[in-house]
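Starting from the given sequences, assemble the full structure and let the hints guide the process.
Numbering (our numbering), first residue to last: -15 to 100.
Simulated from the structure, these hints should not be mistaken for laboratory data.
Each residue gets a CB set at the ideal place from its N, CA and C atoms; glycine is no exception.
Check the hints yourself; a few may be wrong.
[Claimed, not checked] Here are the simulated distance ranges between beta carbons:
hint: 1; residue 1: Ile(-14); residue 2: Gly40; range: 21 to 31 Å
hint: 2; residue 1: Asp9; residue 2: Arg85; range: 25 to 35 Å
hint: 3; residue 1: Thr95; residue 2: Ser26; range: 16 to 26 Å
hint: 4; residue 1: Thr39; residue 2: Met(-15); range: 15 to 25 Å
hint: 5; residue 1: Lys42; residue 2: Arg91; range: 16 to 26 Å
hint: 6; residue 1: Pro61; residue 2: Arg81; range: 16 to 26 Å
hint: 7; residue 1: Glu16; residue 2: Gly89; range: 28 to 38 Å
hint: 8; residue 1: Glu55; residue 2: Glu16; range: 23 to 33 Å
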Amino acid sequence: MIDFDRCWPWLEASIERYGHTHGKDDIRHLIEQGRATLWPGSTSVVLTSFVHYPTGMKAINGWLAGGDLAEICERVPMIEDWARDRGCHRVTVNGRRGWLRAVEGYREIGTRMAKD
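Structure below.
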């Protein structure tokens, strides 16, 4: 997983911003087990996973990203198409509110809060 090691600093920076929820080995295992998908770019990375709801709705959730924002935004349509081809009805993104200004067609559907 050469791309993973190359992209790890971007993922690590994103993890540290929101609290240390996953370590490098944790994320590597999720990818190796097919429970997460790594989307490496030349200057950025996105990590996604599927969410299956009891109603039958299937979503792809972008829950970790880092690196160059412009490159991430350029890759969003490709990830959306890939998800649609795999039966997804929705794309969700975990991230700060600023992402709403960066990507087109997304709406806020809730607020995620944490208290340590």
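Hint check:
Remark: the range hint 21 to 31 Å for Ile(-14) to Gly40 is contradicted by a beta-carbon distance near 37 Å. Roughly 34 Å separates the CB atoms of Asp9 and Arg85, a value that falls within the hinted 25 to 35 Å. In this structure the hint that Thr95 and Ser26 lie 16 to 26 Å apart at CB is violated, the actual value being about 33 Å. Distance hint for Thr39 and Met(-15): a CB-CB separation of about 34 Å, inconsistent with the stated range 15 to 25 Å.
One distance hint, 16 to 26 Å for the beta-carbon pair Lys42 and Arg91, holds here, with the actual separation near 19 Å. The supplied range of 16 to 26 Å is met by Pro61 and Arg81, whose beta-carbon atoms lie about 22 Å from each other. Take Glu16 and Gly89: their Cβ atoms lie about 32 Å apart, and the range 28 to 38 Å holds. Checking the proposed 23 to 33 Å range against Glu55 and Glu16 shows it holds: the Cβ atoms sit about 25 Å from each other.
When the structure is compared with the earlier hints, violations turn up for hints 1, 3, 4 and for no others.
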